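Assembling the complex is the task here: the two chains are given apart, and the hints tell you how they should meet.
Protein chains in written order, with this note's numbering: chain A, 1 to 244; chain W, 1 to 417.
Since the hints were derived computationally from the structure, they do not count as laboratory data. It should be emphasised that the depicted structure is a prediction, and the values quoted were computed from it without experimental measurement. For every residue, glycine included, the Cβ atom is placed at its ideal position computed from N, Cα and C. Treat the hints with care, as some may be off.
[Claimed, not checked] Ranges of calculated distance between the beta carbons of each label pair, as one might list FRET restraints:
#, chain 1, residue 1, chain 2, residue 2, range
1, A, Leu117, W, Arg274, 55 to 63 angstroms
2, W, Glu78, A, Ala108, 34 to 42 angstroms
3, A, Ile55, W, Glu78, 51 to 59 angstroms
4, W, Thr359, A, Ala108, 29 to 37 angstroms
[Said to hold, decoys possible] Take a look, some chain A residues computed to stay more than 10 angstroms from chain W by CB distance:
#, residue
5, Lys5
6, Asn12
7, Gly27
8, Asn36
9, Ser48
10, Gly63
11, Phe97
12, Leu161
13, Ile182
14, Asn185
15, Ser190
16, Arg205
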Amino acid sequence: MLEIKNLKASVNNRDILKGLNITIKPGELHAIMGPNGSGKSTLANVLSGKNGYEISGEIKYQGKDLIEISVDERAQKGIFLAFQYPIEIPGVNTNNFLKTVLNKVRKARGEQEIDTLSFLKIVKERLSELGIDEKMLSRQLNVGFSGGEKKKNEILQMKILDPNLSILDETDSGLDIDALKIIANGVNSSRDKKKSFLVITHYQRLLNYINPDFVHVLSDGKIIKSGCMELAEELEKTGYKKIN
Amino acid sequence: MIENFKINSSEIGKIKKISQEEKDFRIKNLSLFNKRGFPNKRNEDWKFSDLREIVQKNFKKLDVNNTRSKVKKINLIEDFDHNYIAIINGELSSSNFKFEEKNKIKIKNFQNDDFLQENKDNPLIHLNHALSNRGYLLEIKENYKFKKALIIYNIFTKDLKENILNSRNKIKIGKNSELHTIDLVTNDSKYKFINNVYENIILESNAIYRNICIQNAKSEGYFHKFSKNILASKSKYSSFIFPSGLKFNKLDLEFNLEGEDSECNIQSASFLNRNDHQEIKTRINHLAPNCKSYQKVKNVLDSDGKGVYQGKIFVKDIAQKTNAYQLSKAILLSDSSEFDAKPELEIYADDVKCSHGSTSGSLDEDSIYYLMSRGLNRKESVKLLVDGFLNEVIEMIKSNSVRKFVQNNLEGQIHGY
Numbered sequence: 001m002l003e004i005k006n007l008k009a010s011v012n013n014r015d016i017l018k019g020l021n022i023t024i025k026p027g028e029l030h031a032i033m034g035p036n037g038s039g040k041s042t043l044a045n046v047l048s049g050k051n052g053y054e055i056s057g058e059i060k061y062q063g064k065d066l067i068e069i070s071v072d073e074r075a076q077k078g079i080f081l082a083f084q085y086p087i088e089i090p091g092v093n094t095n096n097f098l099k100t101v102l103n104k105v106r107k108a109r110g111e112q113e114i115d116t117l118s119f120l121k122i123v124k125e126r127l128s129e130l131g132i133d134e135k136m137l138s139r140q141l142n143v144g145f146s147g148g149e150k151k152k153n154e155i156l157q158m159k160i161l162d163p164n165l166s167i168l169d170e171t172d173s174g175l176d177i178d179a180l181k182i183i184a185n186g187v188n189s190s191r192d193k194k195k196s197f198l199v200i201t202h203y204q205r206l207l208n209y210i211n212p213d214f215v216h217v218l219s220d221g222k223i224i225k226s227g228c229m230e231l232a233e234e235l236e237k238t239g240y241k242k243i244n
Numbered sequence: 001m002i003e004n005f006k007i008n009s010s011e012i013g014k015i016k017k018i019s020q021e022e023k024d025f026r027i028k029n030l031s032l033f034n035k036r037g038f039p040n041k042r043n044e045d046w047k048f049s050d051l052r053e054i055v056q057k058n059f060k061k062l063d064v065n066n067t068r069s070k071v072k073k074i075n076l077i078e079d080f081d082h083n084y085i086a087i088i089n090g091e092l093s094s095s096n097f098k099f100e101e102k103n104k105i106k107i108k109n110f111q112n113d114d115f116l117q118e119n120k121d122n123p124l125i126h127l128n129h130a131l132s133n134r135g136y137l138l139e140i141k142e143n144y145k146f147k148k149a150l151i152i153y154n155i156f157t158k159d160l161k162e163n164i165l166n167s168r169n170k171i172k173i174g175k176n177s178e179l180h181t182i183d184l185v186t187n188d189s190k191y192k193f194i195n196n197v198y199e200n201i202i203l204e205s206n207a208i209y210r211n212i213c214i215q216n217a218k219s220e221g222y223f224h225k226f227s228k229n230i231l232a233s234k235s236k237y238s239s240f241i242f243p244s245g246l247k248f249n250k251l252d253l254e255f256n257l258e259g260e261d262s263e264c265n266i267q268s269a270s271f272l273n274r275n276d277h278q279e280i281k282t283r284i285n286h287l288a289p290n291c292k293s294y295q296k297v298k299n300v301l302d303s304d305g306k307g308v309y310q311g312k313i314f315v316k317d318i319a320q321k322t323n324a325y326q327l328s329k330a331i332l333l334s335d336s337s338e339f340d341a342k343p344e345l346e347i348y349a350d351d352v353k354c355s356h357g358s359t360s361g362s363l364d365e366d367s368i369y370y371l372m373s374r375g376l377n378r379k380e381s382v383k384l385l386v387d388g389f390l391n392e393v394i395e396m397i398k399s400n401s402v403r404k405f406v407q408n409n410l411e412g413q414i415h416g417y
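For reference, chain W alone in the conformation it holds in the complex (with noise of 0.2 angstroms):
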């Protein structure tokens, strides 16, 4: 068990060639979160998942210095042509962009040269501004759309044992750009490790940026993403969000749509069971006129799952004709488990459409006596409410191949059905 978790600034000096600067801000940060600690549900922001109770519950002992591991040969996907990343354990491991012009394309490790301090109260992120090293910068150039998705493997080595894993990444897609990312988690270790991104995406005008993320096996990791997403002009920016089975999960997503007529979409299934945690906490910012946002939220929870939505909207004084689109719907199949939501909304500007809306409950009995008396029995039926349910998601995603790609990745999720 751990208590009053602490890292000592040594740590810092074993990040090896780094500017004055820069571990002058780490040497900040660090002392920021030593300062809290993990985040308790006493901060408003992790009311619903406290996580100093939870590392103090299900950790000995946190060891913050990671061995770099490799990985001999990644399985790659073959149901669709793709370029690809592959990240191992955090850190950039190899990519291949072979349908790509190349001289369009930056990949490369991640070098941080931001060193002004966010006002941000999340320990978390603190905690990655002081000891992340690892990491990628992706950079699309201007007017150039991928010809084909670029799948990011991020794969989790059996060497990781109560490890705690802090890596930064960037997107930037460039004037008019498009880019299509498919997110794919798998986890090869078998014990207990934490691991802390923080993401900055960034769309410059008119680009395009589609995302999909999965992850389904069940595991023991404890993930924690912050991400910051800032949108120019015209820019259009859609992510589908498919996790499930981690231990503890929390994605902290924040989108500026900083531009006129920009837009951003967010969809998440979710399958919860068995002591799964996990919360999905957004802020839409729209800080200029006519931007459009749309979320939506579904979780099926089972035995001991508890899934969480934190959904805020802020329209500025300016952001006129905004129209910000927000839904949470949740399905409970046991007793034990447990669903909360607090959307909320901030608007500061009089000409919106806004609208936001959240449900829970369990299965309707009178459909599942409507499949009965069609022959499937009561497992099948309630299987199939729930595939219905999450299925509603995958149904948005518009191309083909991906589409069936994500269908056969996610019947996978709805453990134990």
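Chain A with its partners taken away, still in its complex shape (with noise of 0.2 angstroms):
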């Protein structure tokens, strides 16, 4: 699904990934884990393709080079970026919203546009699924939403747009215990063979929830140690500083 291999950015001659290696296969749900400043939203913003970073190395979608392809055309390749920090868009309907993003992808995908009704139906379902309220569907884009509403909203993207890679990050960070589950819920739900997820997290808490199948420390923009759900407890107990 996903290989990078000896990638480095930086942003203003500064470097922040220094040679990342990370090979993720379809169904696979990996976890990233680091301090702050390691470099984990900077991977992110790469892989969905935003500019302002100068980028070597290799980056493989589905055996294809990514790194030239625009952001638009990633997210209708099927590569999905949960932000940390979702953004407000004044003025826009979130209900439009979401059926014009999801027209444009299955357009993309070669499927036909989708009716009002049919979308409406699909939703209204993901949206009992997650626990939210129908009325957010009537607000503009993010607007006023609370921080958990505004991550709940990226998951509800997520699953409406149905990617084959989904990249979250930070997406547990600021949420009760009870956003917390609804979250891990809305993931574990779209796990398939095919679909593969790249979780990004200070904490070991969501993981409790997602059972991820690897997890990979990243400091100083490289991963410098993998392993699977015994690593993430250990650094819970440890702090990063004892890894190295």
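Now the structure itself:
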């Protein structure tokens, strides 16, 4: 699904990623943990195609080189990033937005556009799954949403767009335990043999609910240790400083 | 190219059936106009919109002698039931109030009976007072609420070419009465012309007036409107203005909150590009205690579009407990677009709440990135953000059918996206 080799990224001549390697196969869920400033969000941004980074190395998605592909095309090809800080978009109705982007992605996949009624049915199913009030649909996208609502909205978008590779950038931070469970359920119910996940987090907390196949520790722009769930548990006990 | 544009006083002789008093008034105003000509940027009120230069650049001649044109059929909108009046090149042509009680409404050609010289330093007002020969008077009697909206179809015909039209309108809404109007502008002329309007709206106590003004088709029109609005106690005025697509447009709006507890609400949203030049100038005079005013002006500017907002709030010493708010927001999509804002407060009362703000800048790149990360391309993301930015004003329209109508009309306003 995703193959990253010796990935380096810098902003304004400041090196952030310094030779990162990771391979994610279809159906796998990888967690990346790391201290503040280790490059976690940069990795998420670079994978989504955000501008402003000097990049070298190799990123292959479904066997094809990804670096030259634009943000929107990546989304259309099935890469989804749940933002750490979702952006408020004033004046844009959430329901219309969701329908517009779903149709855009469907069109790119060669599928037919969805009509309003069938769309509403899908959205309502996902909303109840995630325990989100339907009223959210008539609100402006993320405007005045609480931290938890914004994160849930990211997961709602993920479920509606049904991507192949989902990257969750600290989706768990700032959430209470109920919201955390809802988000974990959202991820778990999307997992299957074909779909892959990259979950970026500070804490073991979320991982307790989603059982990652692999856990990596990112420090100073490199993966310094990889393992499975035990590694996350160890980190929780010892902290990042002891790992080296 | 026109230099030193002056109008011969014989033009006034051509206006039929006027009293000596009116003739004197017109001659006086004509000489005031001729002394100055079109205003240029040395005039503080015109510093961002040098009309003299604009006229010199764009007009070879200007004909003040207007023919009266007829329109065979007016295309009425079918989105919702409405009353209507049709104004052709500024002249009242027909009216239909089929949803209302006819004896509560007076509509006729405008006849001026007020020859007091206003203390206004605006040559276009002088020009209008000198030459206006068309327009309407609409009066709503006391205690009457309109059942359906009134659409004012403002039609400009294809035979307009290098003309200048001067029209004068007056709307008076009686005590406890309510009127909703929608001004729709359609312009069939492919040529340049100037439309100069003087408007007077009077709200008696407890009267409610809601107006929506839509001008969105690209055209070669050069428009100026001075609007003087007088609000008596407890009256409420709200105006949603969606102007766009004219070569030049200046709306000079004055609100006099003369009665206690009166309120005015002005909101506008425009998309300007390709040398569109638009200015909204407001002056809100808080002249009595406990009045409220609210202004929100939003502009999106693309290639060579220019937007101006000059907004002044004046609070008289007796106008305690005034609550006045003013906000201007602009998004610039291109390096060649320009936005100028001049917010002003002049306050002589000590117990008031007045605020103003003005922001302008390019679209937030993080917002574009967010939308693109969901699969929209850059252009679609920009369009969605621009739509959303302007939509915030449209969302404030209460009636569903009217809001949808406005929304559909403005989709086309965002030219080129």
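Q. What hints, given by number in increasing order, does this structure fail?
A. Violated: hints 1, 9, 11, 12.
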